[in-house]
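Student: Using the hints provided, position chain B relative to the given structure of chain A.
These protein sequences, in sequence, are chains A and B. Everything in the first sequence is counted per UniProt numbering, starting at 1 for the first residue and increasing by one. Everything in the second sequence is counted per UniProt numbering, starting at 1 for the first residue and increasing by one.
Derived by calculation from the structure, the hints in this document are not laboratory data. Heads up, some of the hints might be wrong.
[What the hints assert, rightly or not] Label pairs and their computed distance ranges (CB to CB):
| hint | chain 1 | residue 1 | chain 2 | residue 2 | range |
| --- | --- | --- | --- | --- | --- |
| 1 | B | E343 | A | D207 | 43 to 49 Å |
| 2 | A | G19 | B | P398 | 24 to 30 Å |
| 3 | B | E335 | A | R21 | 20 to 26 Å |
| 4 | B | K461 | A | A223 | 52 to 58 Å |
| 5 | A | L57 | B | L212 | 49 to 55 Å |
| 6 | A | A68 | B | F293 | 35 to 41 Å |
| 7 | A | A68 | B | D217 | 54 to 60 Å |
| 8 | A | D28 | B | L267 | 38 to 44 Å |
| 9 | B | L222 | A | A68 | 43 to 49 Å |
| 10 | A | E22 | B | F293 | 38 to 44 Å |
| 11 | A | L57 | B | L222 | 40 to 46 Å |
| 12 | A | A68 | B | V211 | 54 to 60 Å |
These figures come from a predicted structure and were not determined experimentally. Glycine is no exception: its CB is placed at the ideal position from the N, C-alpha and C atoms.
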Amino acid sequence: MRILLIEDDSEAAAYMVKGLREAGHVIDHAATGTDGLFLATSERWDAMIIDRMLPGLDGLAIIQAIRAAGNTTPVLVLSALGKVDDRVRGLKAGGDDYLVKPYAFAELLARIEALSRRVSAVQPETRLKVEDLEMDLLARSVTRGGHVVDLQPREFRLLEYLMRHAGQVVTRTMLLENVWEYHFDPQTNLIDVHISRLRQKVDKDFDPPLIQTVRGAGYTLRAAR
Amino acid sequence: MRPANASLLGTTTFRLALSYLGIFTVSAVALLVLVSWSTTMFIEWQVQETVEAEATGLSEVYRDRDLVGLSEIIGHRVRQDLDARATYLLMGLDGHVLAGNLRAWPPEVGSQVGWARFHIMPTGGLGPGAEVMAQVYELADGYRLLVGRSLADARRVKSAINRALGWGLALTILLGVVGGYFTSRHMLQRVDQMSRTAKSIFGGDMSQRMVLSGTDDEFDSLAESFNEMMDELERLLEGIRTVSDNIAHDLRTPLNRLRSRIDLVLLGPPDCEKYHRTLEETLAEADNLLATFSAILTISHAESSARLESFQPVDLSQLASDAAELYEPLAEEKEVTLTCGVEPGLTVKGDRHLLFQAIANLVDNAVKYTPAHGSVTLAVSSLLEPGMVDLVVTDSGPGIPEESRDRVLDRFVRLDATRTTPGNGLGLSLVKAVARLHGARLMLGDAHPGLEVRLRFVHAKD
Chain A
1 MRILLIEDDS EAAAYMVKGL REAGHVIDHA ATGTDGLFLA TSERWDAMII DRMLPGLDGL
61 AIIQAIRAAG NTTPVLVLSA LGKVDDRVRG LKAGGDDYLV KPYAFAELLA RIEALSRRVS
121 AVQPETRLKV EDLEMDLLAR SVTRGGHVVD LQPREFRLLE YLMRHAGQVV TRTMLLENVW
181 EYHFDPQTNL IDVHISRLRQ KVDKDFDPPL IQTVRGAGYT LRAAR
Chain B
1 MRPANASLLG TTTFRLALSY LGIFTVSAVA LLVLVSWSTT MFIEWQVQET VEAEATGLSE
61 VYRDRDLVGL SEIIGHRVRQ DLDARATYLL MGLDGHVLAG NLRAWPPEVG SQVGWARFHI
121 MPTGGLGPGA EVMAQVYELA DGYRLLVGRS LADARRVKSA INRALGWGLA LTILLGVVGG
181 YFTSRHMLQR VDQMSRTAKS IFGGDMSQRM VLSGTDDEFD SLAESFNEMM DELERLLEGI
241 RTVSDNIAHD LRTPLNRLRS RIDLVLLGPP DCEKYHRTLE ETLAEADNLL ATFSAILTIS
301 HAESSARLES FQPVDLSQLA SDAAELYEPL AEEKEVTLTC GVEPGLTVKG DRHLLFQAIA
361 NLVDNAVKYT PAHGSVTLAV SSLLEPGMVD LVVTDSGPGI PEESRDRVLD RFVRLDATRT
421 TPGNGLGLSL VKAVARLHGA RLMLGDAHPG LEVRLRFVHA KD
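Bound-form chain A, shown alone (with noise of 0.2 Å):
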């Protein structure tokens, strides 16, 4: 993937290019607002990732000037400011995720994969396929090799969010927000718990088990190696 990363601390800025080059993306670094703009709007990228204050031109200003100009490409907004309404400006000004500081390096990663994940499946899909597990959505049904997996409205949900973004890592955090819809710290392992009722139902009679714990940074799923 090629990523436009705004940001002015150079150490995070970094700290980030060299973890996105590690997991394989090819990263572009922009210092201040306006050198970010001009990367921005005179080349292609297949997300870019927009610090919200910047020295010389505001993020949120950059996000609707690219906007406005028909660029639809992903965005993550990175940001101290953290309260519901900060998100909601952020969100407002054309971003498609926020990501308030300090995050883990994981919850990044994993952030900008789902984005660029997003805009590939714009077509609504009636059908998801991971391995044998199959997931029909109109029918609100889910199989796994041919048997009937039984699931609560809400593991439905997990497991479907799961499937669209099979292979990538979904953090702990994006599920909650994603599934449950909601912006808070549970203060306990409630995902973990959740995930391990879901492998009840879908991982413990079958093989090879899908949802993979991904130490660090959350979940993901594909088939074992």
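Tutor: For chain B alone, coordinates are given in the frame of chain A:
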């Protein structure tokens, strides 16, 4: 702010008093002129009437009894007129006086006929005498008759009125200036007092408040608003100070632990596996720190926000059901029964995410502190108090002794002294802050056994 006495004449109040005084003076003078003029007119009109009546009487006498009778009557009337208000003169063609109380024909009248005004010489002979209003008739054979009456009374009344009004005016102006001076000095003193209070608050004494005079006037209401503002400000500042104190106290310990852990590993011989393990532990610790930090920020955000205009009606029943659903697997894992009794469709005004965080904290605590085979209930109901919505979380855990119930709402307070259960001691203080932000009452009670936490919201009906 200027010093009181030097700038008194320049105060708004004094300027206002002066301009009112000016307007009042002009209208008083206009009134005075009008009163004086109309009084004079009225008296002169009366004099004129009297003169006319007398002249008519005398002309009848002349018609019936000729000059001789007329002279007699005039003589008689002059004798009767003791206070010398009336003036008569009957004079022949050659200028000799037949009857009357004037020595000669007044030169101011001359040969004119009809109404005339002239002055008679006073007996003392000094200065102009009283003004007389008279009617002059031509009789047969060149005889002329003058009938008049003194205007001295009218003049006296007029000058008495003028004098009275003049004094009144002078007194008005004097009272106006003095009153204006004292009023503005009074106001200025209060403004000065307020300004001094404000200055000492600037100076850092946040406990200072405006003094109320108790008269319930505009200054009192201004002072009251100011005091309310200061209370709120002080509360917010206190909040900020508590947060920084807490950050200092409660984040320093784990940070120090983090540091010494790294330190210790670096002191030992290089060992790749040990490094890896330490780094993982450090990362977990850092994540904990970040979680604590963001909880502190959420609390301060909830504490410092005003009740936002942007608060939307939120389906509290839905939030409670979602929270129950979210925590149900966790409860099951702990072998705790989580039951949810929610009256559907109850809405309150608020922030959806903060409210959910508060409910989640309550359920999380309840599940955490309830031993295996215990039960946790989450209920939302509007039936307990009219116009209110109650959210109640009950557990069958150890509960909280009554004397500690206030204390657990403070930050970082954990009754479990050994700190074996996970948590940062911020859960209930966040609930408290969210409750305050939403104008909800937070009540801790006994569930016999266990803890009952009740949040009472105002029901937002549309």
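Student: Give a verdict on every hint.
Tutor: Consistency of the hints with the structure:
1. B:E343 with A:D207: 43 to 49 Å: holds (46 Å)
2. A:G19 with B:P398: 24 to 30 Å: violated (46 Å)
3. B:E335 with A:R21: 20 to 26 Å: Cβ of E335 of chain B to Cβ of R21 of chain A: about 48 Å, so the range 20 to 26 Å is violated.
4. B:K461 with A:A223: 52 to 58 Å: holds (53 Å)
5. A:L57 with B:L212: 49 to 55 Å: holds (51 Å)
6. A:A68 with B:F293: 35 to 41 Å: holds (36 Å)
7. A:A68 with B:D217: 54 to 60 Å: holds (55 Å)
8. A:D28 with B:L267: 38 to 44 Å: holds (41 Å)
9. B:L222 with A:A68: 43 to 49 Å: For A68 of chain A against L222 of chain B, whose Cβ atoms are near 48 Å apart, the range 43 to 49 Å holds.
10. A:E22 with B:F293: 38 to 44 Å: violated (28 Å)
11. A:L57 with B:L222: 40 to 46 Å: Holds, since L57 of chain A and L222 of chain B (Cβ atoms, about 44 Å apart) stay within the stated range.
12. A:A68 with B:V211: 54 to 60 Å: Taking Cβ atoms as reference, A68 of chain A and V211 of chain B lie about 57 Å apart, which means the hint holds.
The structure is inconsistent with the numbered hints 2, 3, 10, although it conforms to all the rest.
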